[in-house]
Amino acid sequence: MTSVLYDTPGPKAKARNWIYSGIFVVLFGLALWWVLSLMAEKGQLDADKWTPFVTDGQIWTTFLIPGLLETLKAGAIAMVIALPLGALLGIGRLSDHAWVRGPVGAVVEFFRAIPVLILMVFGSQLYVQFTDIPSEHRPLYAVVTGLVLYNAAVIAEIVRAGVLSLPRGQTDAAKAIGMRKGQTMAYVLIPQAVTAMLPALVSQLVVILKDTALGGSLLGLGELLSMNRQISANYSNTIATLVVIALIYIVVNFALTSFASWLEGRLRKSTKGTGAVVAGDVAEVDAGGATGVGKAP
Amino acid sequence: MFDFLDSGQYDVLGAFWVTVQLTLYSAAGSLIWGTALAGMRVSPVPLLRAFGTAYVNLVRNTPLTVLIIACSLGLSQTLGIELGGDTFKETGFRLAVLGLTAYTGTFVCEAIRSGINTVPVGQAEAARALGLSFFQVLTLIVLPQAFRAVVAPLTNVLIALTKNTTVAATIGVAEAALLMKEMLENEADALFAVFGVFALGFVLLTLPTGLLLGWVAKRVAVKR
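From first to last, the protein sequence lines stand for chains A and B.
Each step along the first sequence adds one to the number in UniProt numbering, with nothing skipped, and position 187 is 187.
Each step along the second sequence adds one to the number in UniProt numbering, with nothing skipped, and position 121 is 121.
Chain B on its own, in the form it takes in the complex:
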């Protein structure tokens, strides 16, 4: 029943490795971009706040598929921005990471912003009374505590991101969902076996992440 795995025709592990790489690069990118957005949304400069709010509301309400296809058709094919990728494969991967980062950054931003709200008001007041500037209050007092509070929500975002990397299949990045589609077309008689392999793959990717980071979240949470 599972002989399609031994035939050597399909590189299932390789496809899941691309999924993992997409997840890791996009996670790093969206953590940075999301933190920057959260900083903008709570900053004293009205223009930065307006930009942060507009960006989050616009991008969060756009389907990820639209963003990734816009990266491929719009940025790459129409405007010729290849992000330094030499081959079609490399370019597609980088465009997918760009789209995933732009999208996931908004959810990271909202999670961090809700984490900022868990920091007791008195701390920020005390920090200001010491004469710290906004940037110092944010980076030295508020954000370190906010990050510890939002490990659990960020874990959910990371798991959603892992599942969202399948959208890269729409622009032909050779990750798990695309391989599954190809395998189902060729190995029609093994429908449930193929589905089982890929379902198991995603359970194996997301379950340990959730358990591990759930444990971390309990360890680092600020007891109040």
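So that you can see chain A by itself, here it is in the shape it has in the complex:
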């Protein structure tokens, strides 16, 4: 193990590391013991609060799996609509004509500045007043609307960054063989930009899946998190249910995150592509692979 911030530990440093580890274990153990004793005091560690997740299959078939499916459904619909919309907006922002570039830029910046929850609440009321969508479908419509408006704006930025990440020579070469602007975009730039954007888009899916949880608590969408209320009403095990729900989210999102970084690594190494990879929505996604000084061995 080598890192620039510290030497490979010698005997003295190893001893010191053991001491630090010991202190950490003691502090962590104390915190854990405090939490567990508090939970035991309130009866949250009783076996009947936790065993239903293993013994009672109904908890999964009636609540957790349908909830997860609803979460995945909302996320998938939002992604499928937001992708082409975002691509259009992204290309619009790159237009040569100021009358296209300006308004599209304003729309993208506007929807990026507004919290997704505000957009969902607005969408819900919009459907109440102007459409006759039955109330049982309305939460899904509202959540998807909010997610699409926000994420189309984010995807537009990713698409723009993807096209701009390509070497200028690509456009020049396309011009040299007589391609028009639209042709250059459609046949040369976009296909290459798509590969550069893929990891960022997969990471964006994680952001979308996390945001669906908002719909459950304020708009009444029957997604994974909202199942917490129903399960704890039946088994009165709030903490156990929240832990299990959080774990499901972590497993699904961690799988997606890992897939995105695997894809990114593959694309960087690939000899076919330009090697350009676009970073995701910086504030929400991992700020980039760690290499160099801070790299963990």
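Source of the hints: derived by calculation from the structure; they are not laboratory data.
Owing to the predicted nature of the structure, the values given are computational and were not obtained by experimental measurement.
One or more hints might be untrue.
[To be verified] With the C-beta cut set under 10 Å, the calculated list includes, among others, these residues of chain B facing chain A: (1) V12; (2) L13; (3) I32; (4) S43; (5) F134; (6) T162; (7) T170.
[Claimed, not checked] A few chain A positions that, by computed beta-carbon distances, are all more than 10 Å from chain B: (8) V107; (9) M179; (10) W262.
Just so you know, even glycine gets a beta-carbon here, dropped at the ideal spot from N, CA and C.
For chain A, the structure is supplied; the task is to place chain B on it using the hints.
Frame of chain A, contents of chain B only:
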């Protein structure tokens, strides 16, 4: 059209003030917690590194809504931890700050860790050659430069945090999103006006932050 603003029935400014307060407290908290996490993730002690990595991966992949609801239902209502808040309002606010800090800290940690990577390796080597310990190298040489490099990413995190404070509405903290929901239910005929007011409010909160800190980022960046 905007007569709902004059009726005195809704305290729009007050709700946005709660949003600003949530943002500021959580920003301060997550800056401290995120820096500590970043320190752990690059430290020579394997156990601390493992804890940092596990924490960041677990919390970053959990929806913020789950964390904040867990703070409210789990910590407060089930375990009775009120964080010293006397009223329902105070308790909710503090629980929301706790949830936001726990979540945003992971993004601050990752931003700072990527900032640490911008510091040229030679500097850390030189510092070590002078006999500085890991803690000295980190706090005297690497972190001061890393912070100057990550003003721009941290600005993005701060803007995301400002927008994420709306999630506090799920546990009943009286901030902008909750007021908007209430107003839309009562003033259904002014749908677009109400939406416009709140959208403008968030644009006014995030746009100057981005511009100001963008300017700061250019000023303090280490030219290499």
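Here is what the structure says about each hint:
Nearest Cβ of chain A to the Cβ of B:V12: about 13 Å, over the 10 Å cut. The hint is violated. For B:L13, the interface hint is violated, the least distance from its beta-carbon to any beta-carbon of chain A being 17 Å, above 10 Å. At its closest, the beta carbon of B:I32 sits 17 Å from a beta carbon of chain A; the interface hint therefore is violated under the 10 Å criterion. Restraint check, B:S43 versus chain A: the minimum CB separation of about 8 Å is within 10 Å; hint holds.
Here the hint on B:F134 is kept, as its CB sits about 4 Å from the closest CB of chain A, short of 10 Å. Checking B:T162 against chain A: minimum C-beta separation of about 8 Å stays under 10 Å; hint holds. Interface hint at B:T170: satisfied, since its Cβ lies 4 Å from the closest Cβ of chain A, which is below the 10 Å cut-off. In this structure A:V107 is separated from chain B by more than 10 Å, as the shortest Cβ-Cβ distance comes to about 12 Å.
The claim that A:M179 is not at the interface with chain B holds, since no C-beta of that chain comes within 10 Å of its own (minimum 36 Å). No beta-carbon of chain B comes within 10 Å of the beta-carbon of A:W262; the shortest separation is about 15 Å.
Hints 1, 2, 3 from the list above are not met by this structure, while the remaining hints are.
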